[in-house]
Amino acid sequence: MTQPHEVEILLVEDNPSDAELTLRALKQRNLANQVFVCHDGAEALEFFFGDGSHALREIGVVPKVILLDLKLPKVDGLEVLRRLKEEARTKSIPVVVLTSSREEPDIAKAYRLGANSYIVKPVDFEAFARAVSDVGLYWLLLNHPPR
Amino acid sequence: MSGLPWNWSIERKLPLFFSALLLAVVLVMLGAAYQQVRTAALTFASERVKRSTKEWVNASQRSTAQQRTQVATLVADPGLRDFVASGGRRGRDWALAAMRHVAPDNTPNVAMELWDTGGHRLLLRGDSALASDPAPLPASDSGVVSPYRVRRDTLLLSDMQAVVRRGPEGEVIGRVVVVRRLNVSALARQTLTGIAGGDMALLIGNVDGDPWTDLEKVIPAPPPEARVVHDSAIAVSYVRGDAKIGAAARIPGTPIMFISELSRRQVFAQSRTYLRRMSLIAAVIVVIGALGAWSVSRRITDPLNHLTTAAAAIAAGDLGQRVNVSGTDELGRLGHSFNAMAGEVQRARGDLEGQVVERTRALRETNAELEAFSYSVSHDLRAPLRAIHGFARILLEDHGTGLEPEAKRVLGVIDDNTRRMGQLIDDLLSFSRLGRKEFETARVDMADLVRTVAAEVRLRAGDRPLDIAIGPLPPALGDREMLRQAITNLLDNAAKFTRQRAPGRIEVGHRADGAETVYYVKDNGAGFDPRYTSKLFGVFQRLHRAEEFEGTGVGLAIVQRIVLRHGGRVWAEGQPDAGATFFFTLRGASDA
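Keeping their order, the protein sequence lines are chains B and A. In this text, residue positions in the first sequence follow the numbering used here: the first is 1, and each later residue adds one. In this text, residue positions in the second sequence follow the numbering used here: the first is 1, and each later residue adds one.
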C-alpha cells in the first residue's frame, strides 16, 4: 500500500477501468508506486481539506502532480479544481485535467480555473498510455514546484 | 402643398373648390339680377317718356284747338271784315275790339296782325318785336300753324294764320296772323321739367328740323331717329349728347312735335347702385362660405392628419399610439375603428413576442439537451470503448504468448473496430459542433491558410511522395477556423485518395466568378463514379470500401456544412481512377 508521504501523483478518477489503464500506463514508466487514487471529487477534497478522519491524509505531504478527471460523482472535477486553486497551500500543485474529448466546453473552464494542462483520453490505449506517462513524467521530472 | 392642383391636400382643395363654386353661383345670380333690374328700369323709363309726351301733346292739342276757335271767330267778325274790306280806312276800333277777344291788350308774347291780299299789313297789335314778315296766303281759312322760327337767336316764334273773307263763303280779302312766342328760360325749363319729375328733359321743335328748344335755350334738332312720328308715342333709343331714351309725338294738325327724354346713364344709375350693393353682399357671402368650407375641411382633415401621424408612429413601432376620438360621424367611427385596429395589432404583436420568447426558450432547452447529449456521447460512449480497447491490448501484451493465432487475429479485429468507433464519435461530434459554433467573419488569407494546412498534410504523409501545388489564391471573407477545417478535410481527402499514386499530385487554385471566388482542390487519385456525386457530401456516405480507404464519411459533410454556412456552394467532378476535383465558392474580400 502506498503511503501518503510517498505520494507524488494523485489520480482522481471514478471509472475503475480508466483508473486501471492509467495506472498501467504509469507503471510502464515505473511511476505507479507513487500514485494514490481518489474515486470521486468528495474523496479528493477530503484528501486535502478533510477534518482528519481520512485514513491516509497527513498534513505536510502534498502530491507533485494531480491528474484530475472532470466528470466525477458527488463533487465534479471543476469544483475540486476551483477549491484547490483557491487554497494557498494547494494552489501551486500542477493539475493535469483528464477529459474524454477535446470538444468538451469544460476544458476552457478548467484553464480559466488554473489547470496547467489537459489530456484527451483517446480510445487508443497506446496513445493514452503515452500521453499519461508523458505528462506524469514531465511534471514529476522537469517541473519543480516552488518550495 | 405644391405642384399640380389635384396633388394639393384636401384641406386646401375642399375650400378652394367650394369657394369657386359659390363664387360662380353668386356671379351668375348677380348677373341675372342686374339684367332684370336694368330691363325693369328701361321699361319704366320708356313708360315714363311715353306718358309724358302724350300728356304734353294732348295739352298742346287742346290749346291749339282753342286758339283755332278764337281765330275762326275773329275772322268771322263783321267789323273786322269791314275794316279789311275798306283797306284799313274804316272800322279800325271794331277790328281792335274784335281782336281783343282773342288776346287782351298787352298780353305778353303774343302779336296780332291784319294783312290785305296785296301784302300790306293793315294793323299790328301787341309786341311789335314779334311782327311777322310778308307771307303767302294760306290755302284755307282754318287756323294754320306754322313751324317755329328763330328771331334774333333767342326768340322762338310760331304763327297761326287764317283768311278773312268779304262774307260767309265770300272772296278772300285779307288774313289774320297771330304770332306767339315760346317763353324759354331757365325758370320755364325748371318749372316744366319739375312737373315731369325733374330728371326728364322736355324738347319742342319742328318735325322737319331746326329750330328746337329744351325750354331754356335754342338747341339743334335731335337726330332723325328721335323725331320718328307714329300714331302714338313710342320710346326709342338714340344719342343726343349722350345716350338717351325718348318718346316723340307731333301735335296733330301742326308741324310741331314734343320729345320727352331720359339719359340712359341716369336710368341705369339705380341699377348700378343695386349692382354695387349686391356685389358687396355677394362678396361677404363668398368670404363667409369660404371660411365655412375651410372650417369644415379642417374638421375633416385634422382627424385625418392625426390618423396619419398615429399610423406612421405605429408603422415606426410605437404600437401604443391612439387617436383622440370625438363624435359619432364617419370620422368618429373611423377613429374608433383605427384605435380598435391598433389595439388588435398591439395585442397580436404582444402574442407574437410572447411566442418568440417561448420558442426561443424551447430552442435553448433543445440546444442544451443536445449539448448534454454530445457531452454524454463523447464521455460515456468513449469510456467503455477505451476499456475494450485497452484491455484487449493488455490481453495481447500480457498473455499473447499463450494465445492461438486465431485468437490474436480476433483481438486485432476488436482493436481495429474500437479505433474506428472512436474516430467515428470524434468526427460526429465535430460535425454537430459546427452547427452551434459562433460564426466570426474576417478577412482570411487563403493562400497562407492553404500553405499552412498543406505543410501539415505533407507531414502526415511521411515519406510518401506527395506533390502539392498551390496557385495564387485571393483572400476570402469568412471564419478562419472553419475554413481551416474545410481545407484540412479536402487536402487530407486528396492525400488519402492519391496514396496509390507515385507521386500523388494535388493542385489548389481558383478562378473568379462575379463577386464570388471559386476555389478548387484537384488530385490525381482514385476519383469516383460520377453517378454517386449526390452522395458525396452526405454524412456517413462513402464511395469506397473501408479496406481500400479508411474513413468515416464525415469529412466532406463537414466541408459542405462549412461552405454552406459561408453562403457558398460546393460540388465535385471526377471519374473512377482519373482523379477528382472539389470546388467551393466564397465571397471575396476586397483588399481595400
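Simulated from the structure, these hints should not be mistaken for laboratory data. Beta carbons: idealized from backbone N, C-alpha and C, even for Gly. Fair warning: there could be bad hints in the mix.
Residues from chain B shown here face chain A by an in silico Cβ test under 10 angstroms; the list is partial [to be verified]:
1) D18
2) N33
3) P73
4) V75
5) E79
6) E87
7) P105
8) R112
9) G114
10) V123
11) D124
12) F125
13) F128
Restraint-style ranges between C-beta atoms, simulated for each label pair [claimed, not checked]:
14) B:E126 / A:Q541: 28 to 34 angstroms
15) B:E20 / A:E550: 25 to 31 angstroms
16) B:G50 / A:D351: 20 to 26 angstroms
17) A:A455 / B:P105: 27 to 33 angstroms
Status of the hints after comparison with the structure:
no., hint, verdict
1, D18, "holds (6 angstroms)"
2, N33, "violated (19 angstroms)"
3, P73, "violated (13 angstroms)"
4, V75, "violated (17 angstroms)"
5, E79, "violated (17 angstroms)"
6, E87, "violated (27 angstroms)"
7, P105, "holds (8 angstroms)"
8, R112, "violated (18 angstroms)"
9, G114, "violated (22 angstroms)"
10, V123, "holds (3 angstroms)"
11, D124, "holds (6 angstroms)"
12, F125, "holds (4 angstroms)"
13, F128, "holds (7 angstroms)"
14, B:E126 / A:Q541: 28 to 34 angstroms, "holds (31 angstroms)"
15, B:E20 / A:E550: 25 to 31 angstroms, "holds (29 angstroms)"
16, B:G50 / A:D351: 20 to 26 angstroms, "violated (57 angstroms)"
17, A:A455 / B:P105: 27 to 33 angstroms, "holds (30 angstroms)"
Violated hints for the displayed structure, listed by number in ascending order: 2, 3, 4, 5, 6, 8, 9 and 16.
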